[in-house]
Structure formats: structure tokens, C-alpha cells
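Since the structure of chain A is provided, determine the placement of chain B on it from the hints.
2 protein chains.
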Amino acid sequence: MSVTVSPLAPKAYPEMPALRGVRMATAAAGIKYKNRTDVLLMVFDDGADVAGVFTRSKCPSAPVDFCRANLPHGKARAVVVNSGNANAFTGVKGKAATELTAQSASEAVGCGLNEVYLASTGVIGEPLDATKFAGVLGEMNGRGTPDFWLEAAKAIMTTDTYPKVATRQAELGGVTVTINGIAKGAGMIAPDMATMLSFVVTDADIAAPALQALLSEGVGPTFNSVTVDSDTSTSDTLLLFATGKAAADGQARIEAADDARLASFRAALNDLLKDLALQVVRDGEGARKMVEVRVTGAESDAAAKRIALSIANSPLVKTAVAGEDANWGRVVMAVGKSGEAADRDRLAIWFGDVRVAVNGERDAGYSEAAATAVMQRQDIVIRADIGLGSGTATVWTCDLTKEYVAINGDYRS
Amino acid sequence: MSVTVSPLAPKAYPEMPALRGVRMATAAAGIKYKNRTDVLLMVFDDGADVAGVFTRSKCPSAPVDFCRANLPHGKARAVVVNSGNANAFTGVKGKAATELTAQSASEAVGCGLNEVYLASTGVIGEPLDATKFAGVLGEMNGRGTPDFWLEAAKAIMTTDTYPKVATRQAELGGVTVTINGIAKGAGMIAPDMATMLSFVVTDADIAAPALQALLSEGVGPTFNSVTVDSDTSTSDTLLLFATGKAAADGQARIEAADDARLASFRAALNDLLKDLALQVVRDGEGARKMVEVRVTGAESDAAAKRIALSIANSPLVKTAVAGEDANWGRVVMAVGKSGEAADRDRLAIWFGDVRVAVNGERDAGYSEAAATAVMQRQDIVIRADIGLGSGTATVWTCDLTKEYVAINGDYRS
Numbered sequence: 001m002s003v004t005v006s007p008l009a010p011k012a013y014p015e016m017p018a019l020r021g022v023r024m025a026t027a028a029a030g031i032k033y034k035n036r037t038d039v040l041l042m043v044f045d046d047g048a049d050v051a052g053v054f055t056r057s058k059c060p061s062a063p064v065d066f067c068r069a070n071l072p073h074g075k076a077r078a079v080v081v082n083s084g085n086a087n088a089f090t091g092v093k094g095k096a097a098t099e100l101t102a103q104s105a106s107e108a109v110g111c112g113l114n115e116v117y118l119a120s121t122g123v124i125g126e127p128l129d130a131t132k133f134a135g136v137l138g139e140m141n142g143r144g145t146p147d148f149w150l151e152a153a154k155a156i157m158t159t160d161t162y163p164k165v166a167t168r169q170a171e172l173g174g175v176t177v178t179i180n181g182i183a184k185g186a187g188m189i190a191p192d193m194a195t196m197l198s199f200v201v202t203d204a205d206i207a208a209p210a211l212q213a214l215l216s217e218g219v220g221p222t223f224n225s226v227t228v229d230s231d232t233s234t235s236d237t238l239l240l241f242a243t244g245k246a247a248a249d250g251q252a253r254i255e256a257a258d259d260a261r262l263a264s265f266r267a268a269l270n271d272l273l274k275d276l277a278l279q280v281v282r283d284g285e286g287a288r289k290m291v292e293v294r295v296t297g298a299e300s301d302a303a304a305k306r307i308a309l310s311i312a313n314s315p316l317v318k319t320a321v322a323g324e325d326a327n328w329g330r331v332v333m334a335v336g337k338s339g340e341a342a343d344r345d346r347l348a349i350w351f352g353d354v355r356v357a358v359n360g361e362r363d364a365g366y367s368e369a370a371a372t373a374v375m376q377r378q379d380i381v382i383r384a385d386i387g388l389g390s391g392t393a394t395v396w397t398c399d400l401t402k403e404y405v406a407i408n409g410d411y412r413s
Numbered sequence: 001m002s003v004t005v006s007p008l009a010p011k012a013y014p015e016m017p018a019l020r021g022v023r024m025a026t027a028a029a030g031i032k033y034k035n036r037t038d039v040l041l042m043v044f045d046d047g048a049d050v051a052g053v054f055t056r057s058k059c060p061s062a063p064v065d066f067c068r069a070n071l072p073h074g075k076a077r078a079v080v081v082n083s084g085n086a087n088a089f090t091g092v093k094g095k096a097a098t099e100l101t102a103q104s105a106s107e108a109v110g111c112g113l114n115e116v117y118l119a120s121t122g123v124i125g126e127p128l129d130a131t132k133f134a135g136v137l138g139e140m141n142g143r144g145t146p147d148f149w150l151e152a153a154k155a156i157m158t159t160d161t162y163p164k165v166a167t168r169q170a171e172l173g174g175v176t177v178t179i180n181g182i183a184k185g186a187g188m189i190a191p192d193m194a195t196m197l198s199f200v201v202t203d204a205d206i207a208a209p210a211l212q213a214l215l216s217e218g219v220g221p222t223f224n225s226v227t228v229d230s231d232t233s234t235s236d237t238l239l240l241f242a243t244g245k246a247a248a249d250g251q252a253r254i255e256a257a258d259d260a261r262l263a264s265f266r267a268a269l270n271d272l273l274k275d276l277a278l279q280v281v282r283d284g285e286g287a288r289k290m291v292e293v294r295v296t297g298a299e300s301d302a303a304a305k306r307i308a309l310s311i312a313n314s315p316l317v318k319t320a321v322a323g324e325d326a327n328w329g330r331v332v333m334a335v336g337k338s339g340e341a342a343d344r345d346r347l348a349i350w351f352g353d354v355r356v357a358v359n360g361e362r363d364a365g366y367s368e369a370a371a372t373a374v375m376q377r378q379d380i381v382i383r384a385d386i387g388l389g390s391g392t393a394t395v396w397t398c399d400l401t402k403e404y405v406a407i408n409g410d411y412r413s
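Sequence lines, in order, name chains A and B. Residue 86 in this note's numbering is what sits at position 86 of the first sequence, and the numbering runs on without skipping anything. Residue 226 in this note's numbering is what sits at position 226 of the second sequence, and the numbering runs on without skipping anything.
Quick caveat, the hints were computed from the structure, so don't treat them as lab data. Heads up, some of the hints might be wrong.
As the list claims (entries may be wrong) - Each computed DSS-like pair below joins lysine-lysine, with the alpha-carbon atoms no more than 30 Å apart:
id	chain 1	residue 1	chain 2	residue 2
1	A	Lys93	A	Lys32
2	A	Lys132	A	Lys95
3	A	Lys11	B	Lys402
4	A	Lys402	A	Lys274
5	A	Lys75	A	Lys95
6	B	Lys11	A	Lys402
7	B	Lys11	B	Lys274
8	A	Lys32	B	Lys402
9	B	Lys402	A	Lys402
10	B	Lys75	B	Lys274
11	B	Lys11	B	Lys32
12	B	Lys34	B	Lys11
13	A	Lys402	B	Lys32
14	B	Lys32	B	Lys95
15	A	Lys402	A	Lys11
Stated by the list, open to error - One-sided and incomplete, this derived list gives chain A residues near chain B with beta-carbon spacing under 10 Å:
id	residue
16	Ser57
17	Cys59
18	Gly91
19	Pro127
20	Gly323
21	Gly329
22	Met333
23	Ala334
24	Ala341
25	Ala342
26	Asp343
27	Gly360
28	Glu361
29	Asn408
Unchecked claim - Covered stretches of chain A (in silico footprint by chain B; criterion: 3 or more residues with CB under 8 Å from a CB of chain B, positions within the stretch not fixed):
id	region
30	222 to 236
31	302 to 316
32	390 to 403
Think of the CB as a built atom: it goes at the ideal place given N, C-alpha and C, for glycine as much as any other residue.
Here chain A stands alone, though its shape is the one from the complex (with noise of 0.2 Å):
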């Protein structure tokens, strides 16, 4: 946890409303930080369906093997989150420390195993001492409360600047619905799996295989979308718990994800989503600007997609937006590294509004002023339409800083 909050954090907290059927606790044990929390207990007292995506690494953490197994279950009591060390490449004593915390888990709250949850972020390849925690589980179940969102997630910061939650309303089957979700992240972020640590819940009533769909769904444009520094963790996380307690309110139980009364909740679920993935890329590691890559004009939203994280990823398209240098030639070769189709007479890049480049060439009107004065302010938007196609896709990441390579260079001393 830094002391600089980042300058695109955002200037106010949402009010978090408590969600029925949640509780959480967290608790210091000084796992590797001092004077801060650094564990979370979420507790759903009647159960909750879960859904749930991970890194796509090949060196999973332990933690990622555990919900993994557990996943097909559905059904979900406890999440047991701890920063400071995310139990990755820690052989079997990174399974011993898993069952660990889960049993511990299972007797504080009195579920079985396959309830539990389990994530870890910090450093790789330390040991997790998990006695340091699993003996508070117990008293912390005694408190917990469901009006603790923002603390919840001040609980699992590592490197980041500052807390990141969300809120969304949504209708469903008649009834309003609630939504909230927290979220961890700021380096060793990148797409193509669930991104980081983030824990969403609702009190729909929502089975878990739809719950899965919904959520699989989901993070293609948002967490999947995302990149700070192309870096894969082996931790990511993402659940999705729904506890069904607005069945009281009369909410029907929905059963599918092709629900015709899913609308409203499937799109302010997005919504949240991508509003907490933006607030990861927003905490990037050493960032100082948010920058929004748009393609249009490819041969597919896949090949788009591709297109734009190679923009996105490029460390020379990053150090350009980072010195303000409205520099498209590296645009220009990121498109060209990407490996999609791309006809070069037919690109065209905008900075913001200001079109600087079209038909292959410089464009004619382009203001070198104009264009400066988009890459000077916090939020920058490029644009490349490849003008073969009708394939698009948006993605968002930060510049790349000097602050980045001093945060990386000794985040470990």
C-alpha cells in the first residue's frame, strides 16, 4: 500500500449499501504488513450460488486449485481472502496451508468444505504461514457485519493506492436488486483471464449456472479488457455470489442465463464490472494517465481486440503517452506488430478528436498543438481504424512511468 494515492483515483467513494445474506470481518495478523488489515472473512449465513473465472497461467497459485475444485459444487458459505502472499509456487506446503485455512474456515462457520472460497495476493513463492489467521476465523465470523464493503477491500490491497468498490441497482422479475463488488489490482495485470482479485455479490436469486454464463460473459469487455502491464498473475480471481435473498421480496428464482428477465440485472452487472476493472487500471502501478484504446475497421471484434492490446501493451506506445508525445508512428507499429490483417493505406489514428493520421500518411490538417494538448490532459482516448472491416473493441490501460520501474524494481526489499 502506497502512501501516494494514485491522481486517477476517483475523487469520491461510492455509499456501499449493506447487501442482504453477506457478512464480512477483517482482521490484522500481520501476515507481511504492519498496522493494516490484511484479512477478509465474507460470510453468506444461508449459502449463496457462486460463479467464479481465473488466470489462465499454467503455475496457478494454490488458492486457484482450491476454488477451482470446489467451483462445480455451486454452492458457496465462506471466502477467506489474506494479502501480503498470494501462496503461489508454494509447493505442498501452499496446499497444507490451503486445507488449513479451510478447515479453519469450515468449523468457524460450520459448512463444509467445498463452501469455502479461498484467495491470496502478495508476493510468490514465500511460504503462507496460515496459522497467522486461521485461529481468528472463529471471532471474526462473531462480527462480522454486511455494512463493510469499503474496508473489505481495503483488507486486500497490496500495491494499490486505493480501495476499489461498486455499487449497482438493478430490476429484476419485478423486484430491485442490489449488486456490490470490491476489487484488488494494480500491477501484474493483464487480460485474457479474470484479472486480479475482485468479489462481487447480489442478493438475487440466481442459480449458479447462470450465474457462471452471466459472469463468463462479463468480463470479455471489461476485466478481459484490461491491461496494465501484459503481465499474467498466477492468482487472478474473480466470484460472483448470489445469495437469493430478494426471493423475500418475491424475486423468482432465475434458472437460466437466456432468462428474458435478466436484462436489467445482466447489464448493470457489466456495468460494475467494468467500472471495477477501470478503477484497477486506474491504480496501474506508477500511472498517471487512464488511456482508452478504440478499434475499429478490423476484420473481426477479435481481431480488433487484438489489435488494441497490442497497442495497448506497447511499452513505446506507453513511455509516448507517459512524456505527453502524440508520437501515432508507434501506433502506427503497433498495429503493424499486432499479426492482424492491416492495410496500411487505409489506417487512420486519432488522439482524442484530432485526427492525426488517414490513408496511410500524415493527415494534412493534423495539428501537432491539437494534438499535444489531448495528450497533456489525464484522460486520453486513441483511436485506429484499420478500414477493412466492421470488427471493433475498446480497451484501457495506463502509461508506463519511471514510477512503474522504481515500484517493480524493489517491491520485494
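This is chain B only, laid out in the frame that chain A set:
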């Protein structure tokens, strides 16, 4: 051209021998730089067989298009290289600039347009005013000299901090032949294409198709195995010329790349290509450390190379190297994100000779002090054994420093 020479620069330049059949001259045309040479003319008075490999960018520069079109002819008489402007993404003006340059070279040297080769390096997207140097090619041809390799290397530099030259001798059919090469490149360097500009000349008598096969094979473990920043230039060009002058010593012309007499030549060529490629990495923008990434035990050599590049391109690995931090957890991360088969519990990782992780967890005998001592060196070997097969690969990269960000944050200004 920076005033500060990379700390990884060679301590001394090799004595570059004159090479029969090629003459060179440079000029200061003021394309972008002041008080330095920025144009190189190479002339093969009696012609040369030629081979080339180029960037795989989908948005290549106009000179790359021009060279690709000429290559099937197989014969070269002149090469014109300019620094300061890449003539890339310059539309019809770019094509006109290559045509003007080629026309001028053809008149200066007295050869066909299809015997001219062109390369440009520098800023992308700015129209290249070829009139600045097209008019001086005749005068340059008049004073061209064979003994000019270091000056030639200097004229093609951009953000390079030192000129890159290499020379080798080989035995071919009982005759001693020489291979000389120059290269430039410091940023926008990534593999899977020819990478940056390099011009290699031999006095051996080898037909173009054989030369092409030798070159295409030779770039795999050399120029295609180095990365500075994962960014692929629009302009990468590597040309290999054979003047055939060794025929005067009795060297019988080689027509096919599988000719057994090529063994010594092939080895010398590959060694020279590796020498030049590593010089490019050692001049990586902002580089303070050279990193060799060795992957063993992968499912195949191709898988090993993808894993090695995933490690070498990871910003988190590269910043850890910059910070002299033996953060092997980030190597695990990079192995995991490569997409190639990996088994966490079989993975072993070394920094230098220090094994830091084995069987999926920290090595019990791991000494932080010993690992840190390795990281404090200027040349660092990171090794990962995947434990699944016999695939191996070695790639080279440099660290990611604040200076990289500084250099690229205001390159245009």
C-alpha cells in the same frame, strides 16, 4: 545518438578488414541530426548476390516494400541507408522518396533499379526529403573506399550509443573468406523478424538462393532471439551480400545451401549474426544489464522459445533485473503466462548458478545473498527448466530501467 555510451558496450571495436568487392562512403545530409553523418552508400562494383530478411510488420516501411520487390532478382550493385527518418507510414510520398533515391543511386553507380537496396531508420510518419541526399550519391560513389566499416556503422545510428561492427573469417573450399557486418538498433527491437538494420558482406562466392537459405536459417537463434522491448519495427532489414571475389583465389562458387563445403562459413556467419544481435541488445535503450534467458525441458524447442520470450519480455521480470532483485516468483509468473505446457511442481529456476526454486517451491538450500550477488552482475543468466521434455531455447534481453522510460518519453522532441 546519446552522449552517454551504454555501460554494456564492447570495450573495444574489432579491426575491420577491407573486403574485396565493396566500397562505402558516408555523408552528412542533415536529414534530422546536426554535425554527424546520416547517409551510407555501399557499392558493389562488380555486383553481389543478395539475400534479405525483413520485418513481419503488417505496416512495413516504403524501403522494405522496395527491397522485397527487388530481392527475387538476386543481384545488388548499391545500397543506400539513411538515419533520422524511417520513411514509414508516409503514403505515396514515401514511395516517391524510394523511387527518387533508387533512381539517383542507379545513375550514380550505373546499374539497374532492381540492383538497388534501400533502408531508412528513424522517426515514423514524417515525409522523407530524399532530395537532401539523392543528389550527393554520385559524389559519394566517387570517394567510396573498402576500408570504411566503422564509419559506415556510425552513419546508420539513431538512438544507438555505439556503432556495431563484427568480422569473421571462414574456410570455404580451401580458401579463406571474410564476412563483415554492421548493425544499428536500440529500441523497437523484438524478435520474429529480421530486427533493426544490419548489412553483412562477404567476399565468398555464393549464389543468392543459397545465401538466402543460410540467412533465413541463421537469424533464428540470433536476431530472432533478441528482444529489447517487444516492439516490432516497421523497418527491420537484414541484408547479406556476397561479392564473390574469393573466386579469384580459387573458391568454387557455391550454388546450394546444403553444400557440405559451407560448414565453416555457416558457423562463422551464425557467429557473426549472434555477435551483432547481442550488440544490439547491449545497446538496448536505457539498458544497464544484459540478460540471457535459457529454457530447458520444454515440450519442444518452439515451446521453449515462447517461454523464454515470455520471460524476456515481461516488464516485471525486467524491472526486477533493473532493481537487482532475485524475484524468481516473476519468472514463475512469466512461465505460467506463456501459454505453453508447464507443470508448476516440476519447475526449477536458477539465477546464474544459484538454484532458487525446484519442484514447485523455493529451493531449501537457496541463499538470498548468493542470488543477490548474481543479480548485481552486469551479465545475468536466468534459467528455467520446465521438466516436461527436451525442448531448449536461449534468448537475450536487457533490463527495463527508468532511463528507458526517459528516452522514449521524449524521443521526438
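Evaluation of the provided hints:
1. Proposed proximity of Lys93(A) and Lys32(A) is supported: the alpha carbons are some 18 Å apart, at most 30 Å.
2. The hinted pair formed by Lys132(A) and Lys95(A) meets the criterion: a straight-line CA distance of about 16 Å does not exceed 30 Å.
3. This hinted pair checks out: Lys11(A) and Lys402(B) have alpha carbons roughly 29 Å apart, not beyond 30 Å.
4. Annotation: proposed proximity of Lys402(A) to Lys274(A) holds, straight-line Cα distance about 27 Å (limit 30 Å).
5. For the given pair, Lys75(A) sits about 21 Å from Lys95(A) by alpha-carbon distance, which is consistent with the 30 Å threshold.
6. At roughly 29 Å between alpha-carbon atoms, Lys11(B) and Lys402(A) fall within 30 Å of each other, so this suggested pair holds.
7. The suggested pairing of Lys11(B) with Lys274(B) holds, with an alpha-carbon distance near 17 Å, which does not exceed 30 Å.
8. Of the pairs offered as hints, the one joining Lys32(A) and Lys402(B) holds, with about 27 Å between alpha carbons and a cut-off of 30 Å not exceeded.
9. Of the supplied pair hints, the one linking Lys402(B) and Lys402(A) holds, its CA atoms being roughly 5 Å apart against a limit of 30 Å.
10. Between Lys75(B) and Lys274(B) the CA atoms are separated by roughly 25 Å; this keeps the pair inside 30 Å, and the hint holds.
11. Our distance criterion of 30 Å between C-alpha atoms is met by Lys11(B) and Lys32(B), whose separation comes to about 29 Å.
12. Restraint check for Lys34(B) and Lys11(B): satisfied, since their Cα atoms lie roughly 27 Å apart, inside the 30 Å limit.
13. With a C-alpha separation of about 27 Å, the suggested pairing of Lys402(A) with Lys32(B) holds against the 30 Å cut-off.
14. Annotation: proposed proximity of Lys32(B) to Lys95(B) holds, straight-line Cα distance about 20 Å (limit 30 Å).
15. Under the criterion of a C-alpha separation no larger than 30 Å, the hint pairing Lys402(A) with Lys11(A) is consistent with the structure, at around 24 Å.
16. For Ser57(A), the suggested interface contact is upheld, since its CB lies about 3 Å from the closest CB of chain B, less than 10 Å.
17. A distance limit of 10 Å between C-beta atoms decides the matter here; for Cys59(A) the minimum to chain B is near 3 Å, and the interface restraint holds.
18. A hinted interface residue such as Gly91(A) counts as satisfied when its beta carbon comes closer than 10 Å to some beta carbon of chain B; here the least separation is about 3 Å, so the hint holds.
19. Annotation: Pro127(A) was flagged as interfacial toward chain B, and the flag holds, the nearest CB pair being 7 Å apart, inside 10 Å.
20. The interface hint given for Gly323(A) holds, since its Cβ lies 3 Å from the closest Cβ of chain B, which is under the 10 Å cut-off.
21. Among the interface hints, the one on Gly329(A) holds; its C-beta lies about 3 Å from the nearest C-beta in chain B, closer than the 10 Å criterion.
22. Given hint, Met333(A) at the interface with chain B, holds; its Cβ is 6 Å from that chain's nearest Cβ, closer than 10 Å.
23. Because the beta carbon of Ala334(A) sits about 7 Å from the nearest beta carbon in chain B, less than 10 Å, this interface hint is met.
24. A least Cβ separation of about 7 Å between Ala341(A) and chain B falls short of the 10 Å threshold, and the interface hint therefore holds.
25. At a threshold of 10 Å, the smallest CB-CB gap from Ala342(A) to chain B is about 4 Å, leaving the interface hint in force.
26. The interface hint given for Asp343(A) is met, as the beta carbon of that residue sits about 8 Å from the closest beta carbon of chain B, less than 10 Å.
27. Given the 10 Å rule on beta carbons, the hint for Gly360(A) holds: about 4 Å separates it from the nearest Cβ of chain B.
28. The beta carbon of Glu361(A) comes within 3 Å of a beta carbon in chain B, closer than 10 Å, and the hint placing it at the interface holds.
29. Checking Asn408(A) against chain B: minimum C-beta separation of about 4 Å stays under 10 Å; hint holds.
30. Under a criterion of three residues with beta carbons nearer than 8 Å to beta carbons of chain B, the stated coverage of the region 222 to 236 of chain A is upheld, 6 such residues being counted.
31. Chain B is given as covering the region 302 to 316 of chain A, and this holds because 4 residues of the stretch bring a CB closer than 8 Å to a CB of that chain, at least three being needed.
32. Counting residues of the region 390 to 403 of chain A whose C-beta lies closer than 8 Å to any C-beta of chain B gives 3; at least three are required, and the coverage claim holds.
Of the numbered hints stated above, none is contradicted by the structure.
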